[in-house]
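> Listed below are the residues making up each chain.
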Amino acid sequence: MVEVNLWSGLTRFTDGIATVEVEGTTIGEVLDALIAAHPDLKPFIDAGISVAVDGEVIAKNRSAPVRPDSEVYLMQQLKGG
Amino acid sequence: MSKIHVTTKVNGDDVEFLADPRESLLDCLRDKLDLTGAKEGCGTGDCGACSVSLDGTLVCSCLVLGVEAQGKTIETVEGMAQDGDLHPLQRKFIEHAALQCGFCTPGILVAAKNLLERNPDPTETEIRYWLAGNLCRCTGYDKIVRAVQDAAAEMRGAA
Amino acid sequence: MRYHTPATFEAAAALAAEASGVTRFLAGGTDVLVQLRAGMVTPDDLIDLKKIDGVKTMARTKDGGWQIGVAVSGAELGANAALVADWPGVVEGMELVGSTQVQGRATLVGNLCNGSPAADSVPGLVAAGATVTVTGPSGSREVPVGEIPAGPGKTALKKGEVISGVTLPPRGKNGGDAYLRFIPRTEMDIAVVGCAVNLRLDGDKIAEARVVLGAVAPTVIVVPEAAKAIIGTTLDDAALEKLAQAASAACKPIDDKRGTVAFRTDVAGVLARRAAKIAYDRAKGAK
Amino acid sequence: MPKDELKTSFKWIGTRPDRPDGLDKVTGRARYGADFSLPNMLHAAVVRSPHAHARIKKIDASKALALDGVKAVVTRADLPTGLSGEDLNLQDNTLAGDVALYDGHAVAAVAATSALLAKDAAKLIEVEYEVLPHVIDVDDAFRADAPVIRPGLADHSVPKGAPGNVTRYIEFGHGDVAAGFAEADLVREETYKTEATHQGYIEPHACVGQMGADGKGEMWVCTQGQWYVRRMCAAVLGTEASQLRVTPSEIGGGFGGKTTIFMEPLALALSRKAGGRPVKLVMSRSEVLRATGPTASASMDVKIGMKKDGRITAGTVSFRMQGGAFPGMSPIGEALPCAFACYDMPNVHHEAYEVLANRPKAAAYRAPGSPMAAFAVESLVDEMSRELGLDPIDVRLTNGAKEGTKSSYGPKFNQIGLVETLEAAKAHPNYAAPLGPNQGRGVASGFWFNHGGETSVSVAIGEDGTVQVSVGTPDIGGSRASIALMTAETFGIDYDDVRVNVVETGALGVNEPTHGSRATHSNGKAMYEAAGQAIRELCKRAAADWGIDAEAVEWADGAAQPAGPNAGKFPPMSLREIAGKMGSTGGPISGHHEITMGGVGASFGTHVVDVEVDPETGRTTILRYLVVQDAGRAIHPAYVEGQYQGGAAQGIGWALNESYIYGKDGRLQNTVFLDYRIPVASDLPMIDTVIVEVPNPGHPYGVRGVGETGITPPLPAIASAVAAATGVRLRELPMSPPKVLAAIKARG
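Protein chains in written order, with the numbering used here: chain A, 1 to 81; chain B, 1 to 159; chain C, 1 to 287; chain D, 1 to 748.
If you're looking for bench data, these hints aren't it; they were derived computationally from the structure.
Where a beta carbon is used, it is the ideal one built from N, C-alpha and C, also for glycine.
There may be inaccurate statements among the hints.
[As the list claims (entries may be wrong)] Derived list of chain A stretches under chain D, where covered just means 3 residues or more per stretch with a C-beta under 8 Å from a C-beta of chain D:
(1) 6–20
(2) 26–36
(3) 40–50
(4) 73–79
Using the sequences provided together with the hints, build the complete structure.
See the structure below:
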């Protein structure tokens, strides 16, 4: 299981839960599992988010690997100049 | 609208073109003579990217009409290197990394050359004020000023 | 747009008088071309004055003043050491107009005829008591520079009239002038406030003075109360304070993208003080 | 990559050779957007709304089309319908639909046989408007009674009851801020405000576009990202991306503003309508300022709790940002995580609202969102440090984020260099330089994430043993030089034997633009992988020649070397030698690598500035300026310094004099460089730099990316220096002379 930390604005859509445990070995699997557990997160994830895995912010690579002990945070999608 | 026939000398070559009187010298250099080294950054004389020398005077070619070039002598960045040898300013700009995007570079080189022809040993302040009409958004001007100083020193034989 | 290159001012005036549409005279072109490019003003007739004999001359008049052609650029004024020695304030005002590149083209008369209340060369000319020669269909006349501006973008020139020369009076002994402006940057801005001071000393005391402000009213303004504040003084602190107050009191500025009423009013006093000191030192012989 | 595998001594990396495009750029040969022309080309001009907000009742182009030489006019009716999301935003911005949303919004475009004729024709296109109420200021737009300019665009994140112009809302944090504030010795709360600024690249947007009725097209354009142009134009026009080939010109600055499109689809649409003749479209400076890329304006509340020793116990921010009349354009998602990123905070809370205003569609600008956030947070940290009598660098050292710190936005930091920049700043002579009357010193730190992103690179070995590298990221500040250096290092060949080309969309897989400080980082890493592939093949060819196993061959010093049991058995076989016969040993040798790049290392910097303020006019002069920033590894140090200096200069402009100035009518008043006051040469001193190198473990050469962080600290650093010089704290940018003088006078 991977522990996924949501930004607190999302807890309105997860009945107040800020960390969700899901199965997954890639960012894509983790996000799909997250939507399965909390369907109200779908519009946020579909709109585009970044995921921080072990401290590195990954903009949209669904194939990036996630380990069970990885630190995973959802973040707003980032733009650079 | 009738066009006017203009004969002028650019970088030592006699050239001629037909200009609508509304067209700037910059338009004529770029569109009629294919000399695209001078750039249009503003069209209002505020950025200096179009700097050329007109009868030895530094001007913004966007503030000169093409028809005013009749019988004049114009020098642009394309004429700075002589017989394949770069002008010391051109060499020093590369050496000092005094350009990033390079869009303002032609105008700054022409302006700096005009300065060094008048003042072979300018102070940092003199360089900065002389070039105040040449906007650069990339470098913060630091390396440009150093390159001009170094080129001046070399041209004086001090380097 | 028709482009004309008349050989005389009379011919230039005649062209303008006969023109039916929008007419502009071209000397340095640093305002005309900007307006053309921006589509603000597309003249039907553009009359280039640079082919007229004498437009590039700077010559001493018989009485020791200066006659300056309409196409003399700011850079050329600045390179004339004798003129700079006589009227440093006039020349420094002109030299503040635009960049090095603009200095290669911009002229006193162009700056005047653009009609901007913020024109940097105009306060110095007015403070110096300069005149211009106006040539029209019915001949030429001398007009004080201060009578040319008629409000933002407007001049008192009539259709068919063209300025054909600028005359500066003789400097005389023990005189000095100065021009300062405030801009947010160090270069490349339009004056938020400008101030010219021209004075003459009798010993250490100021015998005559003229204080002129730019960019604080619809036109350049002469401030006699400010001059009065320093006449008869050695420009001591009290006189400077009165000068500043008089200058500020004369301001009728507007709030715009370049400055506020309060700022312009304050800074007019500050610049009057600073310019007066420079003019005073110059009158005492400082370079 | 494990730390101990990072190399520390190099032949090429860290040197300062001439950049490969230097000669072209000093001779006027380099070709930028407007320097390109095609036979039979038309010229275009754009009709723009003079109103901040107006319904378009009628567009009549008949007079324009009646002119001899006018070939086509396009309006929104010529574009497909049914788009959504950002594609619709882009289309709405390309040409207004029923409503013009800001002063300068494009309404129609015309193509004619000359640029002058196109301009004349544009004046003849008659547009009938019904002026609608407008809102410009971010705080005004946030008011409950503000005119709602585009109802119904709030997304799923917006809480019920939010004001009508709010389109997005974010909230996050950790710890217990109430408890944190209770623990503090000093709690302060202030509001800060920044005005919109423009990237101010000197090259206006320019393109030549050609498209036939079959939807196949070509475009030459100044852009930070040719694939973005391709995708966005195709979306706006309803054509297929791969049928459009986009070639990037040399680019005259971008700073984020050229990561998107503005008028490019118009050139293609006009071309299509004009029978496929190429169409050139070049913006004027005032079009650039009115209708392209400004950054957001922001209104920001910050609250911080601090112990007497400077330790921060809690912090909260609440931001309101507008990014124009288009949803999703404000950088709230970037600004919030940047706000407290420099600090190790046990208790922190962030929230932000995006609001719409009748302004142009904002584009990215160098570390989008971070400068505003830093202005608010770093200013307040400075105010509190002074109030407690603490050295501002010491306070940052006390609280500074380091490896393992839980970041303010959640995840733990990997190896980072903030503390090293603070220590270097403290040790620098500028920090001890004596100050005179009316002079003051300010310090601030800044942060940017950096970015990897979609990257495709190929390397190809030439017949003479030289190496060609194809990248997809336009070179703005010397990236070809840095990529060539890394390539020379990787192959063990001379820098001059490498040529790096920025190629068009038909020549390589997809690439994200040059943005997010990624060009040197991501291309370097992808090149390293592609080069590895080529090197493996080179070794294989040598092995075959020697008749040994490929595994028994190593690559070193630009040559295949027999290794292991074969070591010394054969003389090394150079790249030149293998390349010279590659046609007969199996064919061309190349390598390529395509990936959404990871291994990004965060960037921190610390700036120290000294100013003098004229107490009678409020004018601020920058006396001294120091940039200290962690580069990870400086590949070409001169261009790293250039990024630091350029970022600082832009930040100085933002702090002091740059801003969008609107009239009551909602029209932009400063549409030329005379009034949009970017710093000129005489405004600035030399800008001192210190390159700190804490290598990024995620990159083969330790690169972090250096482009963006440098614009962040100047805003608060200068505000703090002005406060030190005058005793008055300005919490609203720009700190223009009228504002500073008014504050000095109010102080008495």
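> All hints are to be evaluated individually against the structure, with a verdict given for each.
Outcome of the hint check:
1. Interface restraint, the stretch 6–20 of chain A with chain D: holds (4 residues with C-beta to C-beta distance below 8 Å; minimum three).
2. Only residues whose C-beta sits within less than 8 Å of a C-beta in chain D count toward coverage, and the stretch 26–36 of chain A has 0 of them, not enough to reach three; the restraint is violated.
3. Chain D is given as covering the stretch 40–50 of chain A, and this holds because 3 residues of the stretch bring a CB closer than 8 Å to a CB of that chain, at least three being needed.
4. Only residues whose C-beta sits within less than 8 Å of a C-beta in chain D count toward coverage, and the stretch 73–79 of chain A has 6 of them, enough to reach three; the restraint holds.
The earlier numbered hint that this structure contradicts is number 2, and it is the only one.
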